[in-house]
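Based on the sequences and whatever the hints tell you, model everything.
Protein chains in written order, with our numbering: chain W, 1 to 100; chain A, 1 to 328; chain S, 1 to 192; chain U, 1 to 183.
Everything labelled a hint here was simulated from the structure, so no lab data went into it. Model, not experiment: these values are computed from the prediction. Where a beta carbon is used, it is the ideal one built from N, C-alpha and C, also for glycine. Just to be clear, a hint being listed does not mean it is correct.
Stated by the list, open to error - Which residues of chain A face chain S? A few of them, derived with a C-beta cut under 7 Å, are:
1. His38
2. Ile39
3. Gln41
4. Arg42
5. Pro43
6. Thr295
What the hints assert, rightly or not - Across the chosen pairs, the derived CB separations fall in these ranges:
7. Asp19(S) with Val12(U): 48 to 54 Å
8. Arg25(S) with Ser115(A): 38 to 44 Å
9. Glu189(A) with Asp19(S): 34 to 40 Å
10. Leu163(S) with Gln40(A): 51 to 57 Å
11. Val88(A) with Gly15(U): 17 to 23 Å
12. Leu5(A) with Leu135(U): 34 to 40 Å
13. Ser115(A) with Pro92(U): 45 to 51 Å
14. Pro92(U) with Val84(A): 19 to 25 Å
15. Leu53(W) with Ala80(A): 41 to 47 Å
16. Val288(A) with Thr96(W): 55 to 61 Å
Stated by the list, open to error - Quick look at which bits of chain S chain A covers, simulated, 3 or more residues with Cβ under 8 Å:
17. 19-32
18. 58-69
The lines below spell out each chain.
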Amino acid sequence: MIPAAWYLILAAVLFVIGAAGVLLRRNVLIVLMSLELMLNSVTINLVAFGHVLQDLRGQIIAIFIIAITAAEVAVALGILVALLRNNHSLEVDELTVMKG
Amino acid sequence: MEYVLALLPMLVKMAIVVGVLLLLPLPLTWMERKIAAHIQQRPGPMRVGWHGLLQPLADALKLLTKEDHIPAEADRRLFAMAPVVALVPPFLVFTAIPFGEPVQVFGTEVTLMLSDMNVGLLFILAVSGIGVFGTILAGWASNSKYAVLGSLRSIAQMISYEIPMGFSVIGVVMLANSMNLSRIVAAQEDLWNVVVQPVGFFVFFIAGLAEAQRIPFDLPEAEGDLGAGYHTEYSGIRFSLFMLAEYLVVVMLAALNVLLFFGGWQGSPFFLPDTVWFLLKIGFFVWVFMWFRFTFPRYRYDQLMAIGWKVLLPLSLLNILVSGILML
Amino acid sequence: MARTSVKKAGWIGRVFFLDLLAGLRLTLRYMFSKTVTHRYPDHEKWVPYERHRGHHFIKTNDEGDVNCVACELCSQICPCDCITVIPYENEKGDRRPKVFDINLARCLYCGLCEDACPADAIKLGQEYEVACDHRPKLVVHLEDLVAAPRKAEDGGQVRPARLEPGGKRRSVATAAAGAESHDWWRHIRKGK
Amino acid sequence: MEQAFFLLLSAVAVGAGLLVVIARDPIHSALALVACLVQIAALYVLLGAPFLAVIQIFVYVGAVMVLFLFVIMMLDVRKEAQARFLPKAPLPGLIVLVILAGELIFLLLQSARLHAVMGPGQPVSEQPPVAELSLLLFQEYLLPFEVASVILLVALIGAVVLARSDEADKNAAQRKAPRGAAR
Numbered sequence: 001m002i003p004a005a006w007y008l009i010l011a012a013v014l015f016v017i018g019a020a021g022v023l024l025r026r027n028v029l030i031v032l033m034s035l036e037l038m039l040n041s042v043t044i045n046l047v048a049f050g051h052v053l054q055d056l057r058g059q060i061i062a063i064f065i066i067a068i069t070a071a072e073v074a075v076a077l078g079i080l081v082a083l084l085r086n087n088h089s090l091e092v093d094e095l096t097v098m099k100g
Numbered sequence: 001m002e003y004v005l006a007l008l009p010m011l012v013k014m015a016i017v018v019g020v021l022l023l024l025p026l027p028l029t030w031m032e033r034k035i036a037a038h039i040q041q042r043p044g045p046m047r048v049g050w051h052g053l054l055q056p057l058a059d060a061l062k063l064l065t066k067e068d069h070i071p072a073e074a075d076r077r078l079f080a081m082a083p084v085v086a087l088v089p090p091f092l093v094f095t096a097i098p099f100g101e102p103v104q105v106f107g108t109e110v111t112l113m114l115s116d117m118n119v120g121l122l123f124i125l126a127v128s129g130i131g132v133f134g135t136i137l138a139g140w141a142s143n144s145k146y147a148v149l150g151s152l153r154s155i156a157q158m159i160s161y162e163i164p165m166g167f168s169v170i171g172v173v174m175l176a177n178s179m180n181l182s183r184i185v186a187a188q189e190d191l192w193n194v195v196v197q198p199v200g201f202f203v204f205f206i207a208g209l210a211e212a213q214r215i216p217f218d219l220p221e222a223e224g225d226l227g228a229g230y231h232t233e234y235s236g237i238r239f240s241l242f243m244l245a246e247y248l249v250v251v252m253l254a255a256l257n258v259l260l261f262f263g264g265w266q267g268s269p270f271f272l273p274d275t276v277w278f279l280l281k282i283g284f285f286v287w288v289f290m291w292f293r294f295t296f297p298r299y300r301y302d303q304l305m306a307i308g309w310k311v312l313l314p315l316s317l318l319n320i321l322v323s324g325i326l327m328l
Numbered sequence: 001m002a003r004t005s006v007k008k009a010g011w012i013g014r015v016f017f018l019d020l021l022a023g024l025r026l027t028l029r030y031m032f033s034k035t036v037t038h039r040y041p042d043h044e045k046w047v048p049y050e051r052h053r054g055h056h057f058i059k060t061n062d063e064g065d066v067n068c069v070a071c072e073l074c075s076q077i078c079p080c081d082c083i084t085v086i087p088y089e090n091e092k093g094d095r096r097p098k099v100f101d102i103n104l105a106r107c108l109y110c111g112l113c114e115d116a117c118p119a120d121a122i123k124l125g126q127e128y129e130v131a132c133d134h135r136p137k138l139v140v141h142l143e144d145l146v147a148a149p150r151k152a153e154d155g156g157q158v159r160p161a162r163l164e165p166g167g168k169r170r171s172v173a174t175a176a177a178g179a180e181s182h183d184w185w186r187h188i189r190k191g192k
Numbered sequence: 001m002e003q004a005f006f007l008l009l010s011a012v013a014v015g016a017g018l019l020v021v022i023a024r025d026p027i028h029s030a031l032a033l034v035a036c037l038v039q040i041a042a043l044y045v046l047l048g049a050p051f052l053a054v055i056q057i058f059v060y061v062g063a064v065m066v067l068f069l070f071v072i073m074m075l076d077v078r079k080e081a082q083a084r085f086l087p088k089a090p091l092p093g094l095i096v097l098v099i100l101a102g103e104l105i106f107l108l109l110q111s112a113r114l115h116a117v118m119g120p121g122q123p124v125s126e127q128p129p130v131a132e133l134s135l136l137l138f139q140e141y142l143l144p145f146e147v148a149s150v151i152l153l154v155a156l157i158g159a160v161v162l163a164r165s166d167e168a169d170k171n172a173a174q175r176k177a178p179r180g181a182a183r
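Given below as structure tokens:
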């Protein structure tokens with residue numbers, strides 16, 4: 001039997017790693033991937049709680065998260081491709097098109 | 001000690017499966033070369049052994065002793081990883097494929113599969129979907145135009161054909177009320193699914209061919225226009241690993257076709273054991289794939305995409321709809 | 001060669017993939033038909049027709065003397081200058097070649113030497129296995145030309161043969177003329 | 001046994017996660033993320049959610065990450081791989097990270113409500129049924145399910161619109177024009 005706390009610790013560690021990627025990396029693609037990592041750590045938490053409480057709702061929400069992530073990635077990568085086509089770079093600090 | 005005893009059947013089964021899978025390409029290459037030859041009205045390899053039976057060994061020896069070349073500008077680690085990554089999914093898939101009814105060995109019941117999963121079918125589809133990573137890595141790490149083009153093609157092809165492939169088996173899952181492969185086989189005791197689900201079989205067969213990157217859908221390695229596609233830069237033992245993976249995917253696809261639509265080990269003639277009958281069916285499908293390979297020319301890329309999205313996807317959706325209505 | 005018999009089947013044919021099925025039927029028929037290739041070095045060998053222009057030979061007369069009178073017409077007419085003839089006078093006072101070399105690496109097997117020969121001496125035979133691993137070996141001398149096989153009677157047939165690696169000059173040993181040879185075209189024309 | 005599996009999987013997951021953030025080449029990042037996601041899928045099996053594990057491999061590894069790799073390869077980002085981190089001192093980011101980590105540790109150690117839930121854990125069930133999950137999904141959560149499908153449709157259309165270039169349309173129009181004139 002695996003203590004439920006272990007899952008929470010793992011999720012926390014992955015979340016912090018993902019956050020580090022989002023905050024520190026320069027490449028937009030890697031920032032997006034770090035976001036995925038953060039989403040996954042949250043999903044681990046949900047499923048772990050569902051397992052501990054013997055409730056399937058945790059898994060249901062995880063499924064929704066996965067579905068929505070797929071949509072998010074499709075749109076985000078579409079935006080990236082469009083940005084790059086208009087001669088922007090992939091660096092986070094240069095993507096300032098919407099700045100007033 | 002008890003632990004080891006409990007694990008023993010599993011270990012034996014694993015050893016058998018891995019051993020057979022590793023040796024399988026030898027007869028398959030011989031078969032493929034012979035079929036190719038006879039379709040082209042020539043005898044094929046005849047010189048090494050009786051009717052060239054030892055030819056695969058000679059080929060293997062040649063591949064193993066060839067220079068293992070890595071391009072100068074290649075990403076060396078990924079280049080070395082790619083063939084292994086390509087090999088993992090086909091092996092993984094065989095953990096979920098049943099080879100017959102459970103049998104009695106020394107008084108204990110032994111299932112003829114490594115893992116009896118409730119979500120077996122979905123697992124197989126998912127794992128065969130990640131088979132594309134080997135191709136992607138190989139193409140990217142080679143740092144060559146042809147290889148990158150090949151892996152770009154394989155990505156697009158995989159994504160487009162995974163969808164109809166997944167949808168086409170839903171009819172089967174609905175009929176069996178389960179995604180467990182043994183139960184799907186058990187549900188076909190009276191009638192094989194190919195009779196009930198001809199459209200599903202058609203879509204699954206074609207999408208499977210495309211998913212396995214077999215001719216006529218072998219765009220990623222199209223030697224006519226891309227050199228050899230994603231494994232242009234590979235030689236020697238790494239290349240042979242790609243070949244191994246390719247053959248395993250073919251066998252896996254044949255096994256899936258048999259399990260899902262041709263009743264698995266059901267309906268064997270009275271004298272054949274179930275498992276042998278099942279393997280014979282798989283062999284038949286492998287032969288069909290090779291027959292297709294040496295009959296059809298390669299599709300053009302836009303035709304490939306058009307078939308996937310405009311023909312197979314609507315057909316599979318229609319199949320789900322119609323079989324759902326009929327089952328109600 | 002057999003051909004598929006697909007007519008324009010219209011959209012019904014396209015829906016049911018009649019054209020693809022016809023292709024599959026054709027290849028299936030081929031698969032169970034006889035092979036058309038020769039199993040050349042190991043089991044059989046194709047002997048070309050008599051009109052074939054292959055490796056040269058020099059005819060001899062009844063006394064075992066070469067027909068050649070060393071007139072050097074062949075070496076004059078040779079477009080690639082591959083024949084070397086040096087004449088001498090033998091005991092009987094006849095003009096005979098002392099040296100008769102043909103450089104097969106230069107020869108283009110045009111057969112002009114055959115036409116030019118006034119003594120019916122040099123002929124082009126049906127041998128085609130002249131490959132070798134050392135270039136000087138391609139220069140054949142008078143004794144080779146005399147010893148070279150003459151025209152085969154059963155041209156256009158497939159004869160039993162056997163590969164003898166490490167053998168003498170020709171590594172494919174052919175059976176005697178007429179032994180179980182068969183007409184290869186028999187299989188090919190049948191499908192038409 | 002299970003604990004050993006958990007430790008192995010989570011160690012690999014954390015290592016791969018670190019590699020995602022550290023790697024210079026986006027392709028390496030993406031592959032590390034793939035490794036990490038596969039470990040997480042295995043963890044789902046330990047958590048008695050094999051269906052979710054398979055979905056994770058199917059959607060995340062088989063589709064989302066492949067899409068990432070496709071875009072990375074298409075955009076040819078080898079030039080971009082020069083600078084790894086943000087140029088100016090990422091001090092604010094680091095501070096935020098430290099605060100975040102501290103908060104999480106504090107919560108995990110101190111929160112009473114969390115400890116009320118966290119027991120020794122449940123045993124891993126061998127073959128959890130998929131049917132109950134689907135019943136719950138299609139009965140109680142039918143509306144969110146439909147909403148999710150609509151969102152996916154919108155995303156699909158949005159991605160297509162975004163990826164279409166205006167120039168391509170213009171080029172197509174130009175290419176058509178002279179042909180029409182010649183006729």
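So, going through the hints one by one against the coordinates:
no.: 1; hint: His38; verdict: holds (5 Å)
no.: 2; hint: Ile39; verdict: holds (5 Å)
no.: 3; hint: Gln41; verdict: holds (5 Å)
no.: 4; hint: Arg42; verdict: holds (4 Å)
no.: 5; hint: Pro43; verdict: holds (5 Å)
no.: 6; hint: Thr295; verdict: holds (4 Å)
no.: 7; hint: Asp19(S) with Val12(U): 48 to 54 Å; verdict: holds (51 Å)
no.: 8; hint: Arg25(S) with Ser115(A): 38 to 44 Å; verdict: holds (41 Å)
no.: 9; hint: Glu189(A) with Asp19(S): 34 to 40 Å; verdict: holds (37 Å)
no.: 10; hint: Leu163(S) with Gln40(A): 51 to 57 Å; verdict: violated (23 Å)
no.: 11; hint: Val88(A) with Gly15(U): 17 to 23 Å; verdict: holds (18 Å)
no.: 12; hint: Leu5(A) with Leu135(U): 34 to 40 Å; verdict: holds (39 Å)
no.: 13; hint: Ser115(A) with Pro92(U): 45 to 51 Å; verdict: holds (49 Å)
no.: 14; hint: Pro92(U) with Val84(A): 19 to 25 Å; verdict: violated (42 Å)
no.: 15; hint: Leu53(W) with Ala80(A): 41 to 47 Å; verdict: holds (45 Å)
no.: 16; hint: Val288(A) with Thr96(W): 55 to 61 Å; verdict: holds (58 Å)
no.: 17; hint: 19-32; verdict: holds (count 9)
no.: 18; hint: 58-69; verdict: violated (count 0)
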